[in-house]
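Chains as they are written, first to last, in UniProt numbering: chain A, 1 to 174; chain B, 1 to 555.
A portion of the hints provided could be inaccurate.
[What the hints assert, rightly or not] Quick look at which bits of chain A chain B covers, simulated, 3 or more residues with Cβ under 8 Å: (1) 84 to 92; (2) 107 to 117; (3) 142 to 150.
[As the list claims (entries may be wrong)] In silico EDC-like cross-links for lysine to aspartate or glutamate, where the CA-CA straight-line distance does not exceed 20 Å: (4) A/Lys154 with B/Asp276; (5) A/Lys157 with B/Asp153; (6) B/Lys268 with A/Glu121; (7) B/Lys277 with A/Glu103; (8) A/Lys104 with B/Asp276.
[What the hints assert, rightly or not] To be clear about the criterion: a stretch of chain B counts as covered by chain A if any three or more of its residues have a C-beta under 8 Å from a C-beta of chain A, and this derived list gives those stretches: (9) 158 to 164; (10) 296 to 308; (11) 382 to 392.
No lab work stands behind these hints, which were simulated from the structure alone. Don't be surprised by glycine CBs; every beta carbon is placed ideally from N, CA and C.
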Amino acid sequence: VIRKYFWPICLVGLFLTSVLSQSCDLLYVHLNRVTWQNLKLLSHMSNPFPVECLKEKKAFELPQEILSHTQPVKRHIEEAFYEISSQVFNIFSQHACKSAWDEKHLKQIQIGLHQQVEYLERCLEEEEKERDRETLLNNLKLRRYFNRLGNFLKDKKYSQCAWEIVLVEIRRCV
Amino acid sequence: MLALLGTAALVLVAGAPWVSPAAAGGKNLTSPQNVEVCIIDDAFTLKWDRSDESVSNVTFSADYQTPKMRNWEKLPGCQYITGTMCNFSSVKLNVFEKIKLRVRAEKGNETSPWHEVGSFVPYRKAQIGPPEARLKAEDKAIIVDISPPGTKDSLMWATDRSAFTYRLVIWENSASVDERTETVYPGGKIYKLSPETTYCLKVKAELRLQRRVGSYSPVYCINTTVENKLPPPENIEVDAKNQSYVLKWDYTYENVTFQAQWLYAYFKKILGNHSDKWKQIPGCRNVKTTQCVFPQKVFPEGTYLLRVQASNGNKTSFWSEEKALDTEIKTAILPPVISMKSISNSLQIYIGAPKDTENKSVSQAYVLTYEIIFWKNTSNAERKILQKKGDFVIPDLHPLTVYCVKARALVEGERWNKSSVFSDTVCEKTKPGNTSIAWLISGVCTVVFFIPAVIYVVKHLLGYIKYVFFPSCKPPPSIDQYFSEQSLKNLLLSTSEEQTERCFIIENTDALVTVEETNQVGEDHKKYSSQTSRDSGNYSNEDENSGGKTSEELV
């Protein structure tokens with residue numbers, strides 16, 4: 001089931017390359033690379049999914065339609081990526097995260113996500129200045145999803161299993 | 001007094017017959033007006049106005065409903081309220097889900113109609129409250145530790161904790177006119193202040209990309225300390241030079257040693273005290289010079305903060321301002337590699353992306369623009385071209401002239417302008433200009449020779465075709481009979497075989513369904529049949545060929 005949903009989102013990640021252009025072109029190149037690095041790191045981070053955690057698995061309902069606009073607008077993609085990366089950063093910076101994994105990998109992931117967030121922030125802000133366009137960056141569906149993840153961790157008292165499950169979830173959307 | 005009581009009793013008595021029918025119909029009490037929901041961080045309040053001030057002993061109650069609830073439920077904290085507002089923060093709502101509220105007035109058994117508040121998403125409605133700050137003074141700086149808006153386990157801002165930016169206004173207490181606005185992160189510093197001065201400041205939190213601005217914190221004031229004998233190092237710079245970073249700073253006094261530390265830049269987004277997470281930069285401990293060199297390997301890709309401190313025996317300075325090091329930006333861009341080829345009077349130029357030491361192309365990371373400068377060997381007049389492609393042609397050059405080219409790579413961005421040094425100069429002589437004319441003449445000549453040849457060939461071919469397909473005379477009847485019989489036989493044979501082949505295919509699918517072994521047998525059959533059919537093909541071809549030969553011989 002995990003794999004099934006994993007790919008569409010990854011493909012969207014690839015999509016980024018072709019859609020983003022012009023004013024933030026340098027940023028997007030960075031992003032593209034950082035995104036892949038993050039993905040690589042995330043897959044390094046977890047060993048095979050612990051079987052004993054399977055029973056704790058839960059459907060978090062990643063909103064599939066975040067980027068399923070018929071013609072993805074650059075802005076939408078940037079916004080979605082910004083939201084996703086900052087939310088993931090938020091999750092990874094929660095306490096008790098350290099014990100669960102190899103700290104080196106975790107650090108690198110955080111570095112990567114932080115870079116991604118900062119770059120996108122700059123990009124979005126510059127664009128806003130240029131076009132003077134109103135944006136309301138609060139995609140509720142995404143927030144609900146990440147809120148579910150956060151609450152799950154909290155409920156499970158940040159256990160190793162909970163983290164493993166969350167990691168699998170996050171791999172789907174980084 | 002008695003009179004008053006009397007009138008009150010009278011009113012009550014008089015009111016009684018009024019009230020009772022109203023109680024049955026619920027028409028007498030009017031519902032509250034101007035109902036408003038106010039959310040600041042995790043504090044939820046509901047406010048309303050009494051619609052009829054004259055009716056006493058009225059209480060108010062509210063219900064709520066979320067999309068997952070079938071029925072209205074009593075809103076905790078908002079039952080039988082005598083005032084005109086209530087606090088329902090105790091309800092652990094999902095702040096990202098819609099919620100509906102309704103309020104009514106009650107008196108005894110009597111109730112007013114409900115006043116309903118249209119559904120809303122608490123997160124969207126919420127205002128950012130004031131953050132909390134704790135100050136610590138140095139001689140020329142103030143450290144601002146900030147707690148984000150909301151409670152410690154805020155549900156409202158649970159997904160925004162690392163997204164807040166904090167803006168503060170700071171002023172000297174004695175001269176409140178001179179205000180300064182700064183953006184700080186929790187645990188960050190405000191620099192360039194004067195020692196022994198009282199400063200006051202207030203902070204607000206913002207979610208910039210959501211265009212949400214919070215309210216200011218109360219004003220906090222603090223005195224900066226007496227000036228430290230040892231000032232902190234200034235003008236910190238970091239540069240990349242051959243596999244190393246060079247950290248430089250300015251310092252006025254002599255006989256001091258320095259040490260430098262680093263911190264992951266992402267820590268400034270994470271709440272909490274990170275002052276103990278700074279680490280020593282290797283090679284920058286007890287440095288006597290105003291610079292230190294450390295290998296680039298120390299810092300894997302990312303953004304880091306660097307700071308320097310001076311010490312002199314037992315005295316140490318405060319830490320310098322923090323300098324960000326972005327490994328990406330600091331990496332030097334290497335010059336590109338050029339190769340050139342002359343094509344008549346133009347030059348084909350190939351520019352290879354600069355290679356870094358690990359022989360990995362840097363161009364993946366950057367969008368490179370090449371600045372190409374070329375000139376005639378004999379003159380100094382240079383021409384400049386900007387190119388994004390690494391393969392292009394400079395046309396319309398003088399023939400048999402030596403041209404020289406050099407190029408450098410540029411990275412252009414609004415923030416980063418970087419360029420490599422120029423590559424080595426490459427020179428090449430252009431070819432004689434008349435080559436193209438020679439080519440044209442030879443081309444014309446070949447065309448002139450070819451046309452008659454083509455006409456001749458086509459004419460003869462047509463003749464042959466006519467002989468083969470529309471023979472002018474028929475072969476003798478005996479041969480003709482033999483020939484037609486043969487072909488008929490062939491035709492029959494081949495069709496029958498085709499039918500058997502179809503049979504096999506059907507058998508095949510059957511076999512697939514039943515047993516695997518039979519399937520193999522089926523495949524063998526198929527192979528066999530295809531072989532036979534191919535054989536027959538050859539056979540018939542031969543026949544045809546021979547037939548053709550005979551017809552030719554006949555001709």
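Here is what the structure says about each hint:
Counting residues of the region 84 to 92 of chain A whose C-beta sits closer than 8 Å to any C-beta of chain B gives 4, which meets the bar of three, so the coverage hint holds. Look at the region 107 to 117 of chain A against chain B: 9 of its residues bring a Cβ nearer than 8 Å to a Cβ of that chain, three or more, so the hint holds. Counting residues of the region 142 to 150 of chain A whose C-beta sits closer than 8 Å to any C-beta of chain B gives 5, which meets the bar of three, so the coverage hint holds. Taking the CA atoms of A/Lys154 and B/Asp276, the gap is near 26 Å; set against the 20 Å cutoff, the hint is violated.
Pair hint A/Lys157 plus B/Asp153 holds up; C-alpha atoms about 14 Å apart against a cutoff of 20 Å. Pair hint B/Lys268 plus A/Glu121 holds up; C-alpha atoms about 15 Å apart against a cutoff of 20 Å. Pair hint B/Lys277 plus A/Glu103 holds up; C-alpha atoms about 14 Å apart against a cutoff of 20 Å. Restraint check: the Cα-Cα separation between A/Lys104 and B/Asp276 comes to about 18 Å, which is no more than 20 Å; the hinted pair holds.
Counting residues of the region 158 to 164 of chain B whose beta carbon lies closer than 8 Å to any beta carbon of chain A gives 6, which meets the minimum of three for the stated coverage. Remark: the region 296 to 308 of chain B is confirmed as covered by chain A, as 4 of its residues place a Cβ nearer than 8 Å to a Cβ of that chain, reaching the required three. Counting residues of the region 382 to 392 of chain B whose beta-carbon sits less than 8 Å from any beta-carbon of chain A gives 0, not enough to reach three: the coverage restraint is violated.
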